[in-house]
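Novice: Residues per chain are reported as follows:
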Amino acid sequence: GQQVMQIPQYQHVQEGEDFTTYCNSSTTLSNIQWYKQRPGGHPVFLIQLVKSGEVKKQKRLTFQFGEAKKNSSLHITATQTTDVGTYFCAGPEDDYKLSFGAGTTVTVRA
Amino acid sequence: NAGVTQTPKFQVLKTGQSMTLQCAQDMNHEYMSWYRQDPGMGLRLIHYSVGAGITDQGEVPNGYNVSRSTTEDFPLRLLSAAPSQTSVYFCASSYTRGWTEAFFGQGTRLTVV
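Residue numbers (this note's numbering), protein chains in the order written: chain A, 1 to 110; chain B, 1001 to 1113.
If you are wondering where the hints come from, they were derived from the structure by calculation, not from laboratory data. Where is the CB? At the ideal position from N, CA and C, for every residue including glycine. Every clue listed holds true.
Some chain A residues well away from chain B (every beta-carbon gap over 10 Å; in silico):
| # | residue |
| --- | --- |
| 1 | 18 |
| 2 | 24 |
| 3 | 70 |
| 4 | 76 |
The calculated SDA-like cross-link candidates involving lysine to any residue, where the alpha carbons are at most 20 Å apart (straight line), are:
| # | chain 1 | residue 1 | chain 2 | residue 2 |
| --- | --- | --- | --- | --- |
| 5 | A | 97 | B | 1024 |
| 6 | A | 57 | B | 1100 |
| 7 | A | 36 | B | 1101 |
| 8 | A | 56 | A | 76 |
| 9 | A | 59 | A | 78 |
| 10 | A | 59 | A | 17 |
| 11 | A | 36 | B | 1041 |
| 12 | A | 51 | B | 1098 |
| 13 | B | 1009 | B | 1024 |
| 14 | A | 51 | A | 70 |
| 15 | A | 97 | B | 1096 |
| 16 | A | 97 | B | 1073 |
| 17 | B | 1014 | B | 1111 |
| 18 | A | 97 | B | 1059 |
| 19 | A | 97 | B | 1053 |
| 20 | A | 59 | A | 16 |
| 21 | A | 57 | B | 1101 |
| 22 | A | 97 | B | 1029 |
| 23 | A | 97 | B | 1065 |
| 24 | A | 36 | A | 22 |
| 25 | B | 1009 | B | 1078 |
| 26 | B | 1014 | B | 1079 |
| 27 | A | 59 | A | 108 |
| 28 | A | 97 | B | 1061 |
| 29 | A | 97 | B | 1095 |
| 30 | A | 97 | B | 1097 |
| 31 | A | 97 | B | 1075 |
| 32 | B | 1009 | A | 38 |
| 33 | A | 36 | B | 1109 |
| 34 | A | 51 | A | 67 |
| 35 | A | 36 | A | 105 |
| 36 | A | 97 | B | 1051 |
| 37 | A | 57 | A | 77 |
| 38 | A | 97 | B | 1060 |
| 39 | A | 36 | A | 5 |
| 40 | A | 97 | B | 1071 |
Work out the full structure: start from the sequences and follow the hints.
Specialist: The following block contains the structure:
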């Protein structure tokens, strides 16, 4: 079956720095989605990318979908303490199931 | 709209006990799924449903049963709890094929002793 892999598993960032987390799928995806889970919370949808090479921005967050639609990245600039949490990418496995990566857990040093 | 509601939020079971985790959504979503979350493992799919009366197994279905008698409800049953089932369980729903934007419940933190 489809596998979605994320790296790194952990990201420790100094407040104000930038970082990137990466997502790779073993198969071509129809779309890729990103979710954020705050500590003790539940995953919350951030964005969906559909087109090859698509780039979308949400304030300090930039999401990219690879040309082959098998990889994606999330780049956060000027990290803030509000960015703490686990970021998951997810891709549909056929029309009926959504597969998640293991997530990147972000901690921020003030 | 309440969205996706899960009950209970916390539960402690003894090995061998059975219980049902409840999930209800009021968004008229056809697609619903159960995931378990364990440290370093991400969200693993247990069972999913594409409509009332239709369910199927996900990645880690052993020890769990589901049914979908209505569009709104998708309960998850643990048949005979084992310590390996200690986890956080999330129910999710979506309104489209391909799971365009999943909505998650608050989660149930289950401990099996």
